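Peer 1: Sequence:
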Amino acid sequence: METEFFMRWKENGQSYYKVLKRKDMQEKFASTLSRFPLLKDTDVEEMENIIQCAKSIFFDFDSIDSDKNITKKIEINYWLYDGNTGICLIEKNDMNIMFLVETLFDNCTYEGILNKIPQEFEIKWTIKGKNNVKKVTREQIIKTFEKYAYEDAMNNGISKRILEITPYATEFYISWDNTSEVNSFYYKDIWHKEEQSGIPIPSIHRLIWKELKLLCDIKTE
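According to this note's numbering, the sequence shown is numbered sequentially starting from 959.
Warning: the hint list may mix true and false statements.
Once the Cα atoms are required to be at most 30 Å apart in a straight line, the calculated DSBU-like pairs of lysine-lysine come out as [what the hints assert, rightly or not]: (1) 1101 / 1086; (2) 1050 / 986; (3) 986 / 1092; (4) 979 / 968; (5) 1074 / 1086; (6) 968 / 1086; (7) 976 / 1105; (8) 1082 / 1050; (9) 1013 / 1171; (10) 1146 / 1101; (11) 1082 / 968; (12) 1105 / 1092; (13) 1082 / 1092; (14) 1171 / 1151; (15) 976 / 1151; (16) 1074 / 1146.
Simulated from the structure, these hints should not be mistaken for lab results. Quick caveat, the model's predicted, so the values are computed rather than measured.
Can you build the whole structure from these sequences, using the hints too?
Peer 2: Following this line, the structure appears as structure tokens:
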């Protein structure tokens, strides 16, 4: 597990990010928590686990006062290293726990330079020795794979991994000239800069490969 985690948030329609030291956030959380001795363990246990174990976290500030938020609950979305996801629900009318949440997220929004996340990134591929590139939107990728993540037992694991990296990816790459039984889907991200990582995808995951071909403008049967 890395000593840092990736924090994303949305504010006034724009997405931002910041890489945070896990230890620093744990200490800040403990310090803030000590000011609210009456908070129940169950109210903060999940938040403690998120800070300790999450790979990335997302919070939508625009949803706090949105008229569409009829549940009066705030969602903290998080992704674990195994690709699984979770949602921590916070009651808006619980002022103590809300203060705790806002104190933590103030660390993102009011310290240092705001790093914007562009809505588009590049998908690159090689086919018949020719290199190709096109722009795709994050929303486009999410809409493509989210149906498999929650409704397809065969492809949900790989889909969840693709969905986890999509919000902060800078590049996808696939070599269609690789005809081995297990090809890899490579990516770079904002967090790790030029470091390239890969997700091995066996050919048996035909629906995943079909969607990737469509994204690369390759005809499918």
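Peer 1: Go through the numbered hints given earlier and state which of them the structure violates, listing their numbers in rising order.
Peer 2: 3, 5, 6 and 8
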